[in-house]
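S.K.: Sequence:
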Amino acid sequence: MKVLIVDDNITRRTEISNLLIDKVGLSENEIFLAANTQKAKDLLRGICFDFLILDVVYRKEMNRRVPNMV
1 MKVLIVDDNI TRRTEISNLL IDKVGLSENE IFLAANTQKA KDLLRGICFD
51 FLILDVVYRK EMNRRVPNMV
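The sequence shown begins at 1 in full-length UniProt numbering and counts up one residue at a time.
Keep in mind the hints are simulated off the structure, nothing from the lab. Misleading hints may appear alongside valid ones.
Heads up, simulated PhoX-like pairs for lysine-lysine below, C-alpha to C-alpha not over 20 Å straight-line [to be verified]: (1) 2 with 41; (2) 39 with 2; (3) 23 with 2.
Per label pair, the in silico range of CB-to-CB distance [to be verified]: (4) 57 with 27: 28 to 34 Å; (5) 45 with 23: 26 to 32 Å; (6) 29 with 57: 25 to 31 Å; (7) 23 with 52: 15 to 21 Å; (8) 43 with 21: 17 to 23 Å; (9) 25 with 57: 26 to 32 Å; (10) 45 with 22: 28 to 34 Å; (11) 52 with 27: 15 to 21 Å; (12) 25 with 45: 24 to 30 Å; (13) 28 with 48: 14 to 20 Å; (14) 51 with 9: 14 to 20 Å; (15) 12 with 49: 15 to 21 Å; (16) 15 with 50: 16 to 22 Å.
Glycine included, every Cβ here is placed at the ideal spot set by N, Cα and C.
Generate coordinates for the entire structure from the input sequences, incorporating the hints supplied.
M.R.: Pasting the structure below:
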């Protein structure tokens with residue numbers, strides 16, 4: 001199973017990742033982390049994920065609007 005966690009908060013990304021490893025039994029190589037929408041889009045272009053955990057409240061980057069995920 002491949003899981004993508006998209007969150008701009010590194011602490012929250014790490015906590016979710018650790019929960020998936022400890023409680024669900026996933027390995028580290030099954031979990032992918034993205035701190036922003038651009039990184040998430042790059043990963044989504046190359047990998048077919050089974051599950052996506054997405055922080056839906058994003059801060060706008062300076063002088064840029066937040067792009068749509070898809």
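S.K.: Now tell me, hint by hint, if it's right for this structure.
M.R.: Cross-check of the supplied hints:
1. 2 with 41: Holds. Residue 2 to residue 41 sits at ~15 Å (cutoff 20 Å).
2. 39 with 2: With Cα atoms ~16 Å apart, residue 39 and residue 2 stay inside 20 Å; holds.
3. 23 with 2: Holds. Residue 23 to residue 2 sits at ~16 Å (cutoff 20 Å).
4. 57 with 27: 28 to 34 Å: holds, 29 Å
5. 45 with 23: 26 to 32 Å: holds, 29 Å
6. 29 with 57: 25 to 31 Å: holds, 29 Å
7. 23 with 52: 15 to 21 Å: For residue 23 and residue 52 the Cβ distance comes to about 18 Å; the hint holds.
8. 43 with 21: 17 to 23 Å: holds, 19 Å
9. 25 with 57: 26 to 32 Å: holds, 29 Å
10. 45 with 22: 28 to 34 Å: About 30 Å separates the Cβ atoms of residue 45 and residue 22, which means 28 to 34 Å holds.
11. 52 with 27: 15 to 21 Å: Given a distance of about 18 Å, which is inside 15 to 21 Å, the answer is holds.
12. 25 with 45: 24 to 30 Å: holds, 28 Å
13. 28 with 48: 14 to 20 Å: With Cβ atoms ~19 Å apart, the hint holds.
14. 51 with 9: 14 to 20 Å: Given about 19 Å between the Cβ atoms, the range holds.
15. 12 with 49: 15 to 21 Å: With Cβ atoms ~18 Å apart, the hint holds.
16. 15 with 50: 16 to 22 Å: holds, 20 Å
Every hint from the earlier list agrees with this structure, and none is contradicted.
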